[in-house]
Amino acid sequence: MSKYDLKVMLLERLRLLLVLTAALAVGGAILHAGRPGDFFTFGFAIVTGYGVGTIVDDLSSAAMVGVRDRLRQSAESPKPTDGMSRRELACRRLQLVGDRIAGPRGRRVANHVSAALGLGRIEIPADRH
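Heads up: the sequence shown begins at 213 in my numbering, then just goes up one per residue.
Worth flagging that the hints you see were computed from the coordinates, not collected in a lab. Glycine residues also receive a C-beta, built at the ideal position from the N, C-alpha and C atoms. Heads up, a few of these hints could be off.
Unchecked claim - Distance ranges between label pairs, derived from CB positions:
#1 280 - 233: 17 to 25 Å
#2 335 - 224: 40 to 48 Å
#3 233 - 315: 39 to 47 Å
#4 224 - 332: 41 to 49 Å
#5 232 - 286: 26 to 34 Å
#6 281 - 250: 40 to 48 Å
Work out the full structure: start from the sequences and follow the hints.
This is the structure in structure tokens:
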């Protein structure tokens, strides 16, 4: 089973869980608000819960079409790490972490750390003297 198929399967199950949760929540709220043991309240809760579940099912089904297309495109498109060595990837990730934590100064520190670890350096134009 490919990653694409696994993601679609998980999304479908989450969609089904969303539909069931919506239907049960609405039906349960109606039952809770009504009189216990009243057949009319029970029937109204079931019909309304089913109606809400159907609406949520239709909306989520329509949304899944776009999600499937985006997942298919991402599965078929090349990854940004394709053709990049593990050393370069680790060096770039260190750069990204340093930049997110401390900005340009963190990027320079990450550059020194990656050089010390033997991962290489990334030339930063601001580092040139």
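Results for each hint:
Taking the beta carbon of each, residue 280 and residue 233 are about 22 Å apart, inside 17 to 25 Å as hinted. Range check, residue 335 to residue 224: about 47 Å between beta-carbon atoms, so the 40 to 48 Å window is met. Distance hint check: the CB atoms of residue 233 and residue 315 are about 43 Å apart, consistent with the given range 39 to 47 Å. Under the hint 41 to 49 Å, the C-beta atoms of residue 224 and residue 332, about 43 Å apart, fit the expected range.
Roughly 28 Å separates the CB atoms of residue 232 and residue 286, a value that falls within the hinted 26 to 34 Å. The hint said 40 to 48 Å for the Cβ distance between residue 281 and residue 250, and at roughly 47 Å that hint holds.
Of the numbered hints listed earlier, not one is contradicted by the structure.
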